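Student: Please model the complete structure; the sequences and the hints are all you need to start from.
There are 2 protein chains.
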Amino acid sequence: MILDRIRMEKLREKVMTADEAALFIKDGMTLATSGFTPSGYPKAVPLALAKRAENGEEIGVTLITGASVGDELDGALSRAGVLKRRFPYQTNNDSRNGINAGTVAYQDMHLSHVPQFIEYGFFGNIDIAIIEALAITEEGNIIPTTSVGISPQAVAEADIVIVEINTSQSMALEGVHDIYMTKKPPFREPIPITHSGDRIGTPYITCDPEKIVAIVECDIADKVRPLGAIDEDSKKISQHIIKFLEAEVAAKRLPKNLLPLQSGVGSVANAVLGGLVESDFDNLTCYTEVIQDSMFDLIDAGKVTIASGTSFTPSEEGLIRLNENMEHYAKHCILRPMEISNHPEVARRLGVIAMNTAIEFDIYGHVNSTNIMGSRMMNGLGGSGDFTRNAYLSFFTTVSTAKNGDISSIVPFVSHVDHTEHDVEVFVTEQGLADVRGLCPTERARAIIENCAHPNYKEMLLDYLNRAETGKFSHEPHLMDESHSWHDRFLKTGSMKK
Amino acid sequence: MILDRIRMEKLREKVMTADEAALFIKDGMTLATSGFTPSGYPKAVPLALAKRAENGEEIGVTLITGASVGDELDGALSRAGVLKRRFPYQTNNDSRNGINAGTVAYQDMHLSHVPQFIEYGFFGNIDIAIIEALAITEEGNIIPTTSVGISPQAVAEADIVIVEINTSQSMALEGVHDIYMTKKPPFREPIPITHSGDRIGTPYITCDPEKIVAIVECDIADKVRPLGAIDEDSKKISQHIIKFLEAEVAAKRLPKNLLPLQSGVGSVANAVLGGLVESDFDNLTCYTEVIQDSMFDLIDAGKVTIASGTSFTPSEEGLIRLNENMEHYAKHCILRPMEISNHPEVARRLGVIAMNTAIEFDIYGHVNSTNIMGSRMMNGLGGSGDFTRNAYLSFFTTVSTAKNGDISSIVPFVSHVDHTEHDVEVFVTEQGLADVRGLCPTERARAIIENCAHPNYKEMLLDYLNRAETGKFSHEPHLMDESHSWHDRFLKTGSMKK
Numbered sequence: 311m312i313l314d315r316i317r318m319e320k321l322r323e324k325v326m327t328a329d330e331a332a333l334f335i336k337d338g339m340t341l342a343t344s345g346f347t348p349s350g351y352p353k354a355v356p357l358a359l360a361k362r363a364e365n366g367e368e369i370g371v372t373l374i375t376g377a378s379v380g381d382e383l384d385g386a387l388s389r390a391g392v393l394k395r396r397f398p399y400q401t402n403n404d405s406r407n408g409i410n411a412g413t414v415a416y417q418d419m420h421l422s423h424v425p426q427f428i429e430y431g432f433f434g435n436i437d438i439a440i441i442e443a444l445a446i447t448e449e450g451n452i453i454p455t456t457s458v459g460i461s462p463q464a465v466a467e468a469d470i471v472i473v474e475i476n477t478s479q480s481m482a483l484e485g486v487h488d489i490y491m492t493k494k495p496p497f498r499e500p501i502p503i504t505h506s507g508d509r510i511g512t513p514y515i516t517c518d519p520e521k522i523v524a525i526v527e528c529d530i531a532d533k534v535r536p537l538g539a540i541d542e543d544s545k546k547i548s549q550h551i552i553k554f555l556e557a558e559v560a561a562k563r564l565p566k567n568l569l570p571l572q573s574g575v576g577s578v579a580n581a582v583l584g585g586l587v588e589s590d591f592d593n594l595t596c597y598t599e600v601i602q603d604s605m606f607d608l609i610d611a612g613k614v615t616i617a618s619g620t621s622f623t624p625s626e627e628g629l630i631r632l633n634e635n636m637e638h639y640a641k642h643c644i645l646r647p648m649e650i651s652n653h654p655e656v657a658r659r660l661g662v663i664a665m666n667t668a669i670e671f672d673i674y675g676h677v678n679s680t681n682i683m684g685s686r687m688m689n690g691l692g693g694s695g696d697f698t699r700n701a702y703l704s705f706f707t708t709v710s711t712a713k714n715g716d717i718s719s720i721v722p723f724v725s726h727v728d729h730t731e732h733d734v735e736v737f738v739t740e741q742g743l744a745d746v747r748g749l750c751p752t753e754r755a756r757a758i759i760e761n762c763a764h765p766n767y768k769e770m771l772l773d774y775l776n777r778a779e780t781g782k783f784s785h786e787p788h789l790m791d792e793s794h795s796w797h798d799r800f801l802k803t804g805s806m807k808k
Numbered sequence: 311m312i313l314d315r316i317r318m319e320k321l322r323e324k325v326m327t328a329d330e331a332a333l334f335i336k337d338g339m340t341l342a343t344s345g346f347t348p349s350g351y352p353k354a355v356p357l358a359l360a361k362r363a364e365n366g367e368e369i370g371v372t373l374i375t376g377a378s379v380g381d382e383l384d385g386a387l388s389r390a391g392v393l394k395r396r397f398p399y400q401t402n403n404d405s406r407n408g409i410n411a412g413t414v415a416y417q418d419m420h421l422s423h424v425p426q427f428i429e430y431g432f433f434g435n436i437d438i439a440i441i442e443a444l445a446i447t448e449e450g451n452i453i454p455t456t457s458v459g460i461s462p463q464a465v466a467e468a469d470i471v472i473v474e475i476n477t478s479q480s481m482a483l484e485g486v487h488d489i490y491m492t493k494k495p496p497f498r499e500p501i502p503i504t505h506s507g508d509r510i511g512t513p514y515i516t517c518d519p520e521k522i523v524a525i526v527e528c529d530i531a532d533k534v535r536p537l538g539a540i541d542e543d544s545k546k547i548s549q550h551i552i553k554f555l556e557a558e559v560a561a562k563r564l565p566k567n568l569l570p571l572q573s574g575v576g577s578v579a580n581a582v583l584g585g586l587v588e589s590d591f592d593n594l595t596c597y598t599e600v601i602q603d604s605m606f607d608l609i610d611a612g613k614v615t616i617a618s619g620t621s622f623t624p625s626e627e628g629l630i631r632l633n634e635n636m637e638h639y640a641k642h643c644i645l646r647p648m649e650i651s652n653h654p655e656v657a658r659r660l661g662v663i664a665m666n667t668a669i670e671f672d673i674y675g676h677v678n679s680t681n682i683m684g685s686r687m688m689n690g691l692g693g694s695g696d697f698t699r700n701a702y703l704s705f706f707t708t709v710s711t712a713k714n715g716d717i718s719s720i721v722p723f724v725s726h727v728d729h730t731e732h733d734v735e736v737f738v739t740e741q742g743l744a745d746v747r748g749l750c751p752t753e754r755a756r757a758i759i760e761n762c763a764h765p766n767y768k769e770m771l772l773d774y775l776n777r778a779e780t781g782k783f784s785h786e787p788h789l790m791d792e793s794h795s796w797h798d799r800f801l802k803t804g805s806m807k808k
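Keeping their order, the protein sequence lines are chains Y and P.
So for the first sequence, this note's numbering puts the first residue at 311; every next one is plus one.
So for the second sequence, this note's numbering puts the first residue at 311; every next one is plus one.
Derived from the structure by calculation, the hints contain no laboratory data.
Every value quoted in this text rests on a predicted model; they were computed, and no experiment measured them.
Incorrect hints may have been included.
Identical copies go unnamed one by one, so any copy, or any two together, can satisfy a pair.
[As the list claims (entries may be wrong)] Subject to a maximum C-alpha distance of 16 Å in a straight line, what follows is the list of computed EDC-like cross-link-like pairs (lysine to aspartate or glutamate): (1) Lys808 <-> Asp773; (2) Lys562 <-> Glu527; (3) Lys533 <-> Glu364; (4) Lys546 <-> Asp437; (5) Lys320 <-> Glu448; (6) Lys782 <-> Asp745; (7) Lys494 <-> Glu467; (8) Lys493 <-> Glu429; (9) Lys782 <-> Asp508; (10) Lys394 <-> Glu753; (11) Lys802 <-> Glu792; (12) Lys768 <-> Asp610; (13) Lys562 <-> Glu467; (14) Lys324 <-> Asp541.
Tutor: Below you can see the structure in the form of structure tokens.
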């Protein structure tokens with residue numbers, strides 16, 4: 311079966327076991343792999359690599375991927391102690407534990423920066439690219455599977471390429487990809503996308519077949535993650551956003567079919583997008599990173615005509631639905647390299663409506679997307695900065711409290727800043743929505759406290775603001791001896807409440 | 311003389327005094343004006359407006375400009391109490407005092423966002439555009455003077471237009487401008503710039519002559535500001551950067567003639583760029599906001615072939631030099647709308663080398679560009695975010711201490727975040743340079759402390775880092791009860807020293 315998928319005959323002699331292929335990997339190497347969310351990442355070769363370490367070999371690597379990947383890569387390499395340095399995003403329990411323990415050196419990056427950093431040489435030499443593929447074409451080019459991520463740049467820049475052909479992936483995926491690469495400055499040209507559905511590239515990743523040193527068969531399915539049930543808070547957040555968008559259309563600040571939607575990864579983001587199924591909007595398009603379950607609902611409801619992303623990121627049920635109806639969904643979906651899905655140039659040109667989730671935001675509108683209580687890495691930034699900064703309109707959402715009410719998601723000064731007051735127009739919690747366009751910081755603070763904060767914390771927030779305003783400087787007043795006192799109190803007492 | 315500059319005959323009947331023209335402005339209006347740095351801003355009409363308030367009239371306005379402007383606009387309107395709301399940047403003492411006193415509502419914005427916010431209607435209705443012009447063409451179009459800023463969008467979106475023809479501005483400026491406007495999404499197309507010197511528009515701002523309600527003569531020169539003498543610290547910073555760039559060329563990570571340079575506004579930025587005169591680099595180009603004195607040196611030295619910006623921002627001597635040699639400099643300079651000079655799309659495509667100045671940065675690489683000790687607005691963000699995020703390489707520079715050593719410019723946690731750890735690759739002080747590419751936060755902290763901090767503060771910074779690392783989470787460890795203690799100590803004792 312695997313030989314059918316290797317259409318260039320002379321490459322068939324490169325087929326070998328995962329154990330054999332993993333021997334190309336040496337201690338200290340930098341690996342760049344396919345994968346974006348637990349979709350389309352290599353599985354067999356990383357498992358074989360982890361086994362070598364478990365058998366006592368001293369081996370450590372730097373790993374660069376598109377975004378998070380499945381347990382066979384991040385998890386297995388972390389548990390085996392092979393993962394020493396990691397870029398640019400992760401969601402795996404074991405890699406997260408390593409990062410927070412200081413045993414994995416992690417740099418959390420804007421996803422759109424990663425492909426060009428590979429090409430610029432800013433990560434150093436890329437020793438091996440490991441790419442999950444649907445098939446290899448007659449010319450030796452690589453057809454990706456359920457995600458694209460950094461694969462084109464990994465293949466172009468790595469010294470050698472290992473291909474995992476995954477037979478669990480549906481051949482109906484062929485044709486869904488649109489692979490386009492930019493040149494390096496000073497030779498870079500405009501990216502010719504003016505609509506979410508524009509196809510500008512090839513359905514495969516161009517690869518010099520001489521670079522392919524190993525081809526491995528794999529039949530392990532993507533380790534997709536369950537999506538949380540859509541709860542009442544998420545529904546309320548979604549309703550606040552839809553009501554706001556309707557008002558923007560009525561005020562003629564948005565077209566009737568809106569502008570291309572971008573929505574972050576995860577359950578709340580999935581729910582926010584899902585709310586549109588019940589709305590009056592139609593002829594919608596999406597220009598985003600991940601295509602989650604609610605996108606399939608929107609396509610089936612005839613609400614979304616085209617969804618552009620860099621990965622399919624379904625739940626377990628979503629994966630079955632996708633595989634059973636791949637030809638149907640492939641007509642409405644495009645998978646692009648993450649350099650293009652997340653590119654500031656395209657996001658700003660199309661005027662995306664960006665909807666991303668925060669860990670916390672502060673009264674002046676700075677957003678923490680990554681570090682709980684300042685120091686504890688959750689997942690990472692992902693593409694939120696790429697979209698937020700370049701959006702037509704940018705929303706950040708969060709539930710107003712966490713930990714049974716002991717944490718307020720709205721605080722005086724966030725404990726880590728990933729997006730600044732200059733980047734976001736609308737803040738939303740289940741409590742309500744604050745449109746801060748045109749407001750100065752103190753007006754913004756009152757709008758956010760009034761509309762977004764949980765009633766249990768409103769008075770405390772207003773008290774901070776009022777006391778800060780009695781100081782000498784009233785533009786964006788803070789109390790430097792209290793700015794992080796809420797976080798400090800939580801760490802010491804288990805609650806932000808006084 | 312002014313009639314010669316109004317080439318459309320029927321518009322000559324619109325000539326009136328500044329006092330008459332100022333009567334178009336009513337209480338509560340929103341004004342969008344020309345001007346970027348103290349260059350090319352309207353002068354006579356704002357002075358006439360201020361006079362009305364000084365004579366007892368109750369009048370307040372919202373003012374949107376390109377960036378900072380001269381005293382006749384920001385200063386006069388602030389002192390007269392006319393300035394109620396201000397976007398997106400300022401440097402005037404009186405407007406700054408109003409902002410910090412809370413009497414002027416100020417929103418500090420990414421400059422590249424402003425033109426599209428005008429078009430999107432996010433500022434509400436634009437009642438009047440007031441534009442300083444060199445001349446009006448036969449068709450009624452407006453030729454700008456020493457800056458472009460937001461003028462094209464102001465003219466397009468305002469209900470009516472007042473033109474100030476400034477006879478102090480050299481007619482040799484005609485032809486230096488390149489005016490190109492983007493369409494609003496979903497109709498926006500690629501901006502066809504692939505080199506700093508590309509001309510893609512018209513040498514004038516298109517204007518419906520019916521919208522011009524008044525033309526006023528003015529002969530007040532731009533209130534340019536002196537540039538500080540190039541001091542030893544600035545020289546050292548410049549030398550660190552040049553040495554680093556030479557090494558990047560040697561490592562083949564940059565072309566021999568580098569990539570288009572962007573440099574912030576002010577004395578340090580001017581000095582950094584000026585240092586290149588003595589370097590071995592040539593055939594340089596610049597894609598930046600402001601063209602300051604050192605650019606003239608670089609052009610005269612044959613180092614810079616083309617400089618693209620949105621304003622000439624010379625010192626007093628620089629202005630004389632510019633005016634006396636306008637035809638010479640005009641061959642090497644292009645003034646664009648700030649939407650284009652600061653556009654993420656173009657900055658990233660060209661791969662600019664961004665060099666901006668910080669108030670402070672922290673051990674993990676977050677940058678404060680705007681608020682001293684958290685609450686006191688200095689000037690604003692300007693275009694630093696537009697360039698930094700989209701650069702090929704982004705530098706932030708600062709002198710390692712301020713206030714005779716009582717303030718360390720490197721702190722545990724900045725008191726305001728304008729640029730995050732995800733945005734900057736290289737930090738520079740007079741002490742040295744920290745290249746943080748590929749480093750995790752704790753590695754970054756050690757590199758910044760070791761290379762950039764003043765010796766008087768190194769031990770204190772290391773002590774903070776070491777104690778923070780003993781906590782439970784070691785990725786980007788902070789002490790929430792000490793994160794802003796350095797700022798608090800300075801506010802209470804006058805020194806960050808213990």
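Student: Could you tell me which of the numbered hints above are not met by this structure, giving the numbers in increasing order?
Tutor: 2, 3, 4, 6, 9, 12 and 14
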